[in-house]
Amino acid sequence: MANLLNRSTSPYLRQHADNPVHWREWTPEALAEAAERDVPILLSIGYAACHWCHVMAHESFEDAEVAALANANYVCIKVDREERPDLDAVYMNATVALTGQGGWPMTCFLTPDGRPFFCGTYYPKANFLQLLTAVAETWRDRRGEVERASDQITTELRKMAGGLPAGGPPVSAEMCDHAVASVLGDEDKRHGGFGGAPKFPPSALLEGLLRHYERTGSAAAVSAVQRTCKAMARGGIYDQLSGGFARYSVDPYWVVPHFEKMLYDNALLLRVYAHLARRTGSVLARRIASETADFMIAELGDRDMFTSSLDADAAGSEGSTYVWTPAELRSVLGDDDGIWAAAVFGVTDEGTFEHGASVLQLPATPDDPARFETIRTTLLAARAARPQPARDDKVVTAWNGFAVTALAEASVALQRPELLDAASRCARRLIDLHMVDGRLRRASLGGAVGASAGILEDHAALATALLTLYQQTGQWLPEARHLLDLALEHFADPEQPGRWYDTADDAETLMVRPADPIDGATPAGASLIAEALQLAAYLTGSSRYAEAAQATLATAVPILTRAARSGGHWLAVAEAQLRGPIQIAVACEPSSELLAAARTLAPGGAVVVGGAVDSSELLRGRDRVDGADAAYVCRGTVCDLPVTTVGDLADALGVAV
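Just so we're aligned: 238 in my numbering is position 238 of the sequence shown, and the numbers increase by one with no gaps anywhere.
No wet-lab data here; the hints were simulated from the structure.
Keep in mind that a hint or two might mislead.
Claimed, not checked - For lysine to any residue, the following SDA-like pairs were computed, each having C-alpha atoms within a straight-line distance of at most 25 Å: (1) Lys125 / Ala343; (2) Lys159 / Ala97; (3) Lys230 / Tyr253; (4) Lys230 / Arg371; (5) Lys159 / Glu174; (6) Lys230 / Val135.
Said to hold, decoys possible - Now the in silico label distances, taken between C-beta atoms and shown as ranges: (7) Arg428 / Val625: 33 to 39 Å; (8) Val625 / Gln415: 35 to 41 Å; (9) Asp186 / Thr348: 26 to 32 Å; (10) Thr473 / Val625: 41 to 47 Å; (11) Asn127 / Gly301: 39 to 45 Å; (12) Ala68 / Glu418: 23 to 29 Å; (13) Gln475 / Ala173: 48 to 54 Å; (14) Pro494 / Glu373: 37 to 43 Å; (15) Ile431 / Thr348: 26 to 32 Å.
For each residue, glycine too, the CB sits at the ideal point set by N, CA and C.
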C-alpha cells in the first residue's frame with residue numbers, strides 16, 4: 001500500500017501526495033479495495049485554496065499517528081470538489097442532513113459501496129483520532145448498526161434528489177416583481193449586500209436586479225446594486241493594490257475577507273461591474289471592472305485559459321501577503337507617504353485583522369490620484385517580496401466559460417477590444433483541449449486534460465460563452481449548438497421536460513444522481529442551461545431550444561416565489577425572457593457606429609448581431625435601408641420598423657444615449 005496521489009491531475013490532490021496517509025483517488029479500484037479488505041472508506045473532500053483544509057492536513061494528514069490508524073482501518077480517498085462536483089454534491093447533502101451544516105474539508109465515512117453512515121467537516125487532531133478509533137470499532141463490533149444507518153441515510157438522500165417538479169406555470173412579471181421585493185427586503189442598506197455575516201458576493205443576484213431595473217426602471221433595484229457594488233469595491237474583500245475579489249467577508253462590513261481568490265467569483269463579478277458601468281456610467285464600476293479583468297489575465301491566466309484560484313494562505317499564514325500595519329507602511333513609503341497611505345487605506349494602530357494588522361480598504365477616492373498610484377505601485381513591489389499564495393493551476397471548464405462571457409461583455413462596456421481577444425483565445429484553447437472524442441471534460445492541468453466528465457454547468461456555461469462570442473465575432477455557433485445538443489441528449493430528464501440532472505446519463509453511477517436547481521456561489525447548472533437555450537433559440541431560430549428554455553424556466557417558479565435569494569441567475573434569465581428577449585439585428589458594414597451603439601445600449605440578456613443581409617438567422621431578409629446601416633429591434637416574435645440612427649435606436653430600446 002502507498003499514497004497514490006502523485007498521479008493526479010488535481011493540484012489539491014497533489015498537495016497530499018506526500019502525506020503518510022495512503023490516499024487514493026475515487027476510482028472503482030479504490031472501492032473494490034475497501035470491499036476486499038472489508039473496511040470502511042474514509043472520504044475527505046476539499047479544494048486547493050481552502051484554509052481549513054490546509055489546517056486539517058497539517059494537523060492530521062501529515063501526522064504519523066493519524067496515518068497509522070487511518071491506513072490500518074480504512075481505505076482513504078481524497079476528492080477535489082472542483083474536479084468532482086458530483087461527488088461533492090452527493091456527500092455534502094449527506095453531511096448537511098446528518099449535522100445541519102456543511103463545509104470543507106468534508107469528512108465522511110462510507111461503506112465499501114459508497115453509502116455514508118457518518119459525516120462531518122473539520123476535526124482537530126485529538127478529536128479526529130478519537131473518531132477514527134470509534135468508527136473502526138463500530139464497524140468491527142456493531143456492523144448491523146452501520147448498515148441500518150447507511151440504508152436510512154441513502155433512502156433519505158434519494159428522496160431529496162428529486163429536484164424541482166417540471167411543468168409549472170410560466171414566469172410572469174408579477175412573480176419577478178414579488179421576487180425582487182423579497183430580495184430587497186433582505187438588503188443591508190447600511191453596509192450593502194443581503195443578510196448578515198459571512199457575506200458572499202451576490203453576483204448572480206446583482207445581475208438579476210440589474211436586468212429587473214432595465215425592465216421596470218425600479219430605482220430600488222438599481223440602488224441596491226449600486227450600494228452593494230460600492231461597498232465591496234471599497235472594502236477589504238477587494239484587493240485595493242492589484243485588483244480581484246476574495247471569496248467572502250467574515251464580517252457584515254466587507255472588511256476582512258477569507259483571502260482565497262476564486263476565478264468564478266471574479267468572472268461573475270466582472271460581468272456585473274461591466275454591466276453596471278455600461279448602464280449607469282459609474283466611474284467606480286468601470287474602474288473595478290477593468291482592474292478585475294486585468295487581475296484575471298495577469299494572475300490567473302495560463303496557456304490562454306484561466307486557472308482556478310489563489311490560496312488563502314501563504315507560508316502557512318492566512319492573509320499574510322495582503323495585510324499591513326502603520327509601521328510597515330512607513331517603512332516602505334517613508335513617514336509622510338506612510339501616514340497618508342494609512343489614512344487612505346484605513347490602516348490603524350488597532351488593526352482590522354490579526355496582530356494589529358489591517359486589510360486595506362479604500363473608503364473614498366484619494367484626493368491626490370497621482371500620489372495614490374505611485375504609492376500603490378510601491379506597495380505592490382514590496383508585497384511581491386513577501387511569501388505569495390499558491391495558485392491552483394487546474395482549468396475548470398465552467399469557470400472558464402464564465403470568464404469568456406464576462407471578458408467578451410466587458411470588452412464592449414469598457415471599450416477594450418483586447419479583452420475580446422483574450423476571450424476568443426480562451427474559447428479556442430478550451431474547445432481544442434477539453435473536447436475529447438466529441439464529449440466535454442471537466443478540467444485540465446498543465447495542458448493535460450483530466451478524466452472527469454463535464455457536468456451540466458460545464459456544457460451550459462461554455463455554450464453561453466460561445467454564443468456571447470458569436471454575437472461579436474460571427475464564430476462559434478456550431479460548437480455552441482453541439483454542446484446544447486449534448487446537454488439535451490445526456491442531461492435532460494426525458495420524462496419531465498424542463499428538469500435537468502447535473503451528471504450525464506452515461507456518467508459514473510453514484511448513490512444518487514445529483515439534480516440541484518438552487519443557485520449558490522455559482523449559478524445552478526439548470527439556470528445556466530436555461531440562459532444558454534434562451535440565447536440559442538433566437539440566434540438559431542430553433543423551436544427545440546425555445547421549447548426547452550421555456551420548460552426549464554418554468555421549473556424556477558418555486559425558487560423565485562419561495563427563496564428568491566437562492567435564484568439570482570434564474571431571475572436574470574426570467575427578466576430577459578419577460579422583455580422578449582430583445583433581439584437587435586443590425587444590417588451594416590463591418591465597422592458600424594450603429595452596431596457599436598446597439599451593443600452598448602442593449603439590456604442584459606439581449607441578443608445583438610450585426611453584418612450583411614442573410615449573414616445570420618436574425619438578418620435573414622434584413623438589409624440596410626437607403627444605403628444606411630439599419631437596426632431591427634424585436635421582442636420575442638414582434639418586431640419594430642428598422643431604425644437608422646443611434647437616437648432612434650435608443651428610443652426603440654427605451655434608454656438614454
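Each hint tested on the structure:
Our distance criterion of 25 Å between C-alpha atoms is broken by lysine 125 and alanine 343, whose separation comes to about 42 Å. Annotation: proposed proximity of lysine 159 to alanine 97 holds, straight-line Cα distance about 12 Å (limit 25 Å). For the given pair, lysine 230 sits about 12 Å from tyrosine 253 by alpha-carbon distance, which is consistent with the 25 Å threshold. Only pairs whose Cα atoms come within 25 Å are accepted, and lysine 230 paired with arginine 371 is accepted, the gap being roughly 22 Å.
With a C-alpha separation of about 32 Å, the suggested pairing of lysine 159 with glutamate 174 is violated against the 25 Å cut-off. With a C-alpha separation of about 49 Å, the suggested pairing of lysine 230 with valine 135 is violated against the 25 Å cut-off. In this structure, arginine 428 and valine 625 meet the distance hint of 33 to 39 Å, their C-beta atoms being roughly 36 Å apart. At about 27 Å, the CB distance of valine 625 to glutamine 415 disagrees with the hint of 35 to 41 Å.
Under the hint 26 to 32 Å, the C-beta atoms of aspartate 186 and threonine 348, about 31 Å apart, fit the expected range. Hint check: threonine 473 to valine 625, Cβ distance near 25 Å, so the stated range 41 to 47 Å is violated. Hint check: asparagine 127 to glycine 301, Cβ distance near 41 Å, so the stated range 39 to 45 Å holds. The given range of 23 to 29 Å is broken by alanine 68 and glutamate 418, whose C-beta atoms sit roughly 55 Å from each other.
As the Cβ distance of glutamine 475 to alanine 173 is approximately 35 Å, the hint placing it in 48 to 54 Å is violated. At about 58 Å, the beta-carbon gap between proline 494 and glutamate 373 misses the expected band of 37 to 43 Å. A hinted range of 26 to 32 Å for the beta carbons of isoleucine 431 and threonine 348 is inconsistent with their spacing of about 50 Å.
Taken one by one, the earlier hints fail for this structure at numbers 1, 5, 6, 8, 10, 12, 13, 14 and 15, listed in ascending order.
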